[in-house]
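Asker: Residue strings, one per chain:
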Amino acid sequence: MSQPFRTEKGGRIDRNAPLTFTFDGEELHGHKGDTLASALLANGIHLVGRSFKYHRPRGIMSCGSEEPNALVGIYRNGDQTPNLRATQVELYQGLQSISQNRFPSLGFDVGAVNDFMSPLFPAGFYYKTFMWPKSFWDRVYEPIIRAAAGLGKPPKSPDHDHYGNLYAHCDVLVVGSGPSGLAAALAAAETGAKVILCDEQAEFGGTLLSESSASIDGKDPADWVSETIAALGAMDNVTLLPRTTAFGYFAHNFISLAERVTEHLAEADPRLPRERLWQVRAKEVVIAAGAIERPMVFPENDRPGILLADAGRTYLNRYGVKVGHKVLVATACDSAWQAAFDLADHGVEVVAIADMRETPPENLMAIASARGIRVEAGCVVTGTLGRKRIKAALLGRLMTSGQVASGGQVECDALLMSGGWTPTVSLYSQSRGKVVWDADKGAYVPGVSVQNERSTGASKGLYGLQATLEDGYAAGEEAAKAAIGKTAKITKVAATGGEAGYGGTLGALPHDRNASRVRAFVDYQNDVTAKDVKLAVREGMQSIEHIKRYTTTGMATDQGRLSNMNALQIASGALERPMTQVGLTTFRQPFTPTTFGLFAGISRGDFFDPVRKTPSHDWAVENGGVFEDVGQWKRTWYFPKNGEDIHSAVTRECKTVRDSVGLFDASTLGKIEVVGPDAAEFLERMYTNPWKKLAPGRCRYGLLLNDAGFITDDGVIGRLADDRFHVTTTTGGAASVVARMEDYLQTEWPDLDVWITSTTEQYAVAAVQGPKARDVIAPFIEGIDLSADALPHMSVKEGTFCGVPCRLFRISFTGELGFEINVSRRHGKMMWETLAKEIEKHDGTTYGTESMHVLRAEKGYIIVGQDTDGTVTPQDAGMSWAIGKKKFDFVGKRGLERPDLTAENRPQFVGLLTKDPKVKLEEGAQITVAENPATGTSAEGYVTSSYFSPALDRTIALAMVKNGQALDGKTLYVPMPDGSIPVEVTGTVFYDKEGARINV
Amino acid sequence: MKRYSFLELAKNAFSAHQNWGRQWRAPEPKAEYDVVIVGAGGHGLATAYYLAKEHGVRNVAVLEKGWLGGGNTGRNTTIVRSNYLWEESAALYNHAIGLWQNLSQELNYNVMYSARGVMMLAHTVHDVQVAQRHIHANRLAGVQNEWLTPEQAKEYCPPLNIAKNIRYPVMGAALQRVGGTARHDAVAWGYARGADDMGVDIIQNCAVTGIRRDQNGAVEGVETAKGFIKAKKVGVVAAGHTSVVMDMAGVRLPLESFPLQALVSEPVKPAFPCVVMSNTIHAYISQSDKGELVIGAGTDQFVSYSQTGGIHITNHTIDAICELFPHFRRMRMLRNWGGIVDTTPDRSPILSKTPVKGLYVNCGWGTGGFKATPGSGHVFAHTIAKDEPHKINAPFTIDRFRTGRLIDEAAAAAVAH
Amino acid sequence: MLLIYCPYCGVERPETEFQCGGEAHIARPADPGQASEEDWVEFLYMRTNTKGIAAERWRHTNGCGRFFNAVRDTVSDKFLKFYKAGETMPDLEAIAKEAGK
Amino acid sequence: MSELLANDLITPDAGESPLLSLGNVSILKGAPLTRLSLRLREASVKDAGKAFGASLPVKALTCEVGDKRAALWMGPDEWTLLAPEDDLQSVFNSIETALKDQPHALVDISERSESIIVSGEKAAWLLNTGIFIDFSLEAFPVGMVTRTVFHKSPVMVWRTGPDTFVVEAWVSFMDYVAGLLVQAAQELQAA
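Residue numbers (numbering that gives the first Met the number 0), protein chains in the order written: chain D, 0 to 999; chain H, 0 to 416; chain G, 0 to 100; chain W, 0 to 190.
By construction, these hints were calculated from the structure, which means they are not laboratory data.
A few of these clues could be false.
Claimed, not checked - Simulated crosslink set (DSS-like; lysine-lysine; CA at most 27 angstroms straight-line):
{"no.": "1", "chain 1": "D", "residue 1": "K152", "chain 2": "H", "residue 2": "K231"}
{"no.": "2", "chain 1": "G", "residue 1": "K80", "chain 2": "D", "residue 2": "K127"}
{"no.": "3", "chain 1": "D", "residue 1": "K892", "chain 2": "D", "residue 2": "K919"}
{"no.": "4", "chain 1": "H", "residue 1": "K153", "chain 2": "D", "residue 2": "K387"}
{"no.": "5", "chain 1": "D", "residue 1": "K127", "chain 2": "H", "residue 2": "K390"}
{"no.": "6", "chain 1": "W", "residue 1": "K99", "chain 2": "G", "residue 2": "K80"}
{"no.": "7", "chain 1": "D", "residue 1": "K961", "chain 2": "D", "residue 2": "K892"}
{"no.": "8", "chain 1": "H", "residue 1": "K153", "chain 2": "D", "residue 2": "K633"}
{"no.": "9", "chain 1": "H", "residue 1": "K231", "chain 2": "H", "residue 2": "K1"}
{"no.": "10", "chain 1": "W", "residue 1": "K58", "chain 2": "D", "residue 2": "K612"}
{"no.": "11", "chain 1": "W", "residue 1": "K49", "chain 2": "W", "residue 2": "K121"}
{"no.": "12", "chain 1": "D", "residue 1": "K840", "chain 2": "D", "residue 2": "K919"}
{"no.": "13", "chain 1": "W", "residue 1": "K99", "chain 2": "W", "residue 2": "K151"}
{"no.": "14", "chain 1": "D", "residue 1": "K133", "chain 2": "H", "residue 2": "K268"}
{"no.": "15", "chain 1": "D", "residue 1": "K127", "chain 2": "H", "residue 2": "K268"}
{"no.": "16", "chain 1": "G", "residue 1": "K80", "chain 2": "H", "residue 2": "K356"}
{"no.": "17", "chain 1": "D", "residue 1": "K152", "chain 2": "H", "residue 2": "K153"}
{"no.": "18", "chain 1": "D", "residue 1": "K796", "chain 2": "D", "residue 2": "K836"}
{"no.": "19", "chain 1": "W", "residue 1": "K49", "chain 2": "D", "residue 2": "K612"}
{"no.": "20", "chain 1": "W", "residue 1": "K99", "chain 2": "D", "residue 2": "K796"}
{"no.": "21", "chain 1": "D", "residue 1": "K485", "chain 2": "G", "residue 2": "K50"}
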């Protein structure tokens, strides 16, 4: 249980709750309340990963979500999740973690050879080589590069966890729960406003949880946090969301949050989601995201054991972990001194504070002196020693000349550094606000608000407890006032202490080393050095965006939160332009890497998209039906019997329909009820056909174009009464036809007294087709005379089916005597089962969409979307007859008159018969005049539909062929990889050309 | 121009890389050019490159309002393929494929064209029909494209879920083996370096604010943030902002600009060997050489120049990806961004002369312009130099919308029945 | 996901309830037969594609079903006005001025 | 549920077992109903209401409830009329008769959709797992009715009590809607 770097006491960990975990297989111990990072450090483990490019040993550097180095894989539920930050992973009993990007082991990584060859691999080196021989890129270079790149290994198995979603509205969303965030939440909540407070950490409080030298309301800041959270938690109008990252700020004050629900638990109830996506519409937002400390860019600043100063302090005060036994503190500002003092107070040897400033503040000097800490003022770190852990640091004395004089070597096992603080402006930037340079603060801070948000506290560069609390209260009040127009009196507390985040340094630090030999890292994870940035500038990259892309600085998984400011300063120096003129890269969502599963949410499996089923669905399942997806619908494709394949099933189904009778579920076809005095006039304007003279009780095939003149939909339309039409559409077109009708009705012809209502799902539709169709339905229909005279082809009547009301259409999509019975949806199952039983008596069959396609093709009926493709006019489709010639206007009429639509040589709808009746053409196959066309020959057309026709006992095909209608009887060719297939151009009707069968 | 090579790299290592020259200059604009190209994206830079290289027109300026390659060139998912349906399209994109194959060597800049194959999934009977039609048409046109069964698709792309019981099972795929990806920035930079070397002035941070025309209506030059620049010919290649720029010359276009989003995951070790696209469930994915999964989303439904999009679009893209590749559900999104795509009614580009003498336009690539970069630049350079289109881009006129002679790639995949 | 005010429902709703219908106030020629080629291509395809303040159509498809119009800044995506179908096009320049553009 | 709006009309389907029954939320299938879509112009609103038995609300997103009747505002010229299952013909005929000379469209949509009744303390929370509407009582009071979207399905939501919502979806979408609601509620059972 030895944790050599654990303090005797203190910290917020639960010392009574010891935990066991593993790292690269080694069993280690920690406590409840630890992160993986703090527990590793407690065990003296700094080396946790290898860098991206040079495979350099890297250690834990920070204590938050900005961590660039300590990315690990975590095993859970039998699989591994890569690239998790050890600084964010909460420790639980049995946690299994592994290091990444190393082979064979973290300690001995062959990839580290890259580090020795690094002179060959400056920024952008890959653009300059790997080009010869040409074929080697795909086969040799790229595979090697790909294998070397990447961080962790991807998961190997599907994710068994699930993810939740919640849409939420609030008056005030507060992001971050440090002093300013808590104050803002309090101030807003007191007004009665609905407040959501979220924080990415497990515990609320932010920096207050590691604050040792301050007090709020006379209390330890951590105690004030507990009281405040308790008070907020007791209010109905407040929602507290710990472990919740606000990762995206979108238009119209839409903020997305990722709540981690179970990942911190050793065993989670499987009913809980792993993570939950909160999609929040906030009237007002308070961004209290704090600031993060900046690394210092000195040579070899990346050794394990080198941490940010505040991280060292947080590990000590919050987690009870000493980052080392002999610690050097390097800084350019005040805040790091407190880390040194706290460490000294816990008995850690602080070997020195090296402050770049010639004269650090006297009060700090005095405290240091009281603790016996050596202070090296005007001193900078110029290098470090040690490979897998820092052993010593080189100091340099800054001279007035700008030169650096050697300042000797200091032994140490940890180095804490602080280059100053950078406000976290990511969310503000995502809200599309433009940051502005604040020279006093030495930082980019939020400028004018573009959306309803304001930043507060350190996220706008404000430091010190009293000031941030006051600012937080004000931000909360302002937000609540803006959201709900109310204010409230609240008791504001006073505070003392808190870190001063002002000052610091930017960019590469001066040193006395051989510049061409040493590397000072700017972007740790992507191994970008100060030299790389300078090289990019030398090569002509002037925009910061170019520098970023060329060097990859800022493109690692921390999105440059640690590196951007230093890179900018180095670029600014190299370009000899003020930093503010170099530009800034944009922060993108997500703020921190966010699980794909969270975005996908519940959309998986059968809930990926609604599965729409027809009333015959269950029957079809029970009877072995095979389904196809048509839009969201499941339609029965064919009904195989006794192990039939699709071909035999379809052949049997088609034959049976022609010989006796078949039953088909047509429920998915779109249905629209068009009602009102102007119903006929409206259809007259929408469809190509004339409608006004259609008598009630009769039907007509309708063709719908777009205003460009191309066919978009079709269907049979029945007139039920003078002012009532029953319109059918294609299955896929149902929604879009309604939408287009509404569009014309509402915006072009609002004066028409007509309304449209979708009734697709009101009715179940059974198509009974075949010579015996009448016999099949007759026993069940009442109130309708089924005789050919009373109910001729293309007519509709209302009556009952088995006693329930029905609309009976006599129509046919097979060329046989046919009926389509519409009953209300609830009776659809009854109707289907009744008819399915009845057809058996007539040796009939149920049939699916495939047979439907074959049967209609034998008759040359088009299927919109298969035989047409959005480029086909009625004339092309051989359907000039469907156009009402005398009509003043209809949708598409003017479009049809455009030059190319009336041109010669347009593709036209024809039939094709292969010379060999057994050869079935492939749908989509191209048609040429030449038997063996040269590559690049323009096709004369293509096969739109192709089937084996049981009725003809041969294959048939439909096609679009240039000028095809004039080519009747001519031979064309369908060139295939294994030879050309000769075909004869025919009419489109293959079966019962006179149409006698339909009129019986 | 210093040639790039491994040897050169090694040599420079000894001088700590202090001696690499600029890849391109940062010139101030001259008073007059033979040709001004508006927009220093991949297409604009390629146009300038081929004007100089193949037509000897070297007195050329490329004006860029921001930084070169900063528009859609630097924001897309870098897919390269040519298996389009109509012979006009196939010819155009295949022309590009031909140029892609030698582009690194041509430019002496590794653009990392990686012919790892582009697989387009079919999920329904209708998808299969559409895919087959493409394959047949492509074969006749000499464009490589082949049909894979679900099992073959899985063999080509092992992470693919071909289970029969998923919501939209994979029924097969069309594979173009010469399709793949390339490094987007490198394309812009390589063309910039090559064009610059031949004397082309690339002028960044120089927004065009007006197009000046003489009394006969012909182009005289452009007003810019850096003053008036005279030019007899102006080629507008300002994807996303084409309507805005062309409006300066009073030319109306059938364009709408939509936000298009893309995203990458955190980098991981090789997990995805090719490019997979699915039109039915709206997603496309590949893995970059750096290890990031690169994923494309659909467009938002409204015109916008905000370069941002809605999260619901992203959600739908990722749910589709996770359905096809369930292993990736635990992967994490690193970065999500948006571009602006000019979209034409027939989803094919316009590469054309305009009613204004001396004004040429290259636009309307929608979501798929990157793949055409070399071909587009090549034929557009021809169009400008000769004042008449190359035979490949001759059909891609503005006038086709009047006559109805569309090249309708969207309609051909139309869903119905 | 935009937040859109429906002037018929009188509430703001998420974009997923709506369908965008593109540029507003493009009238279909009253007598298409008399429309020239140019008129028709203008109606069918030509769009201003404004960068800045523009009027566009929306339909509250998963709501009241009505088409209405909105004025939006296509750079910031901020809505500046919503109005019912059939109402005359507002003065976009005045709206722009008011919005400080 | 006696204090609920339209409780003489909206009842659970006696033949169906609850889809979900937790302490703080339950989902019941609604019994069949007569549903009519009525479209007309402003001038006919009064007559239509009289004939129906509940006046047609003209305020957006509201309802008017009468004896075994409810009229729901769906759009400025669109109402959904609810009545007991058996009253279909009589209601249809009386409206048709009353509006004989006025332009209108009356269409039977009784079976186009199905309803579920989601009630309990966590009802609003549960709906918010898929619907992006603020269901606080101030923003969405009892009686408010609207069409909206639940994940990828269009739905109609009608608040009939502080903790009770009627959710309707087209029949073929109901498995999706109800299935997801039941799934989302599972975590409420977790510790």
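Asker: Under the constraints set out in the numbered hints, which ones does this structure not fulfil?
Answerer: The structure breaks hints 1, 2, 3, 4, 5, 6, 9, 10, 11, 12, 13, 16, 19, 21; every other hint is satisfied.
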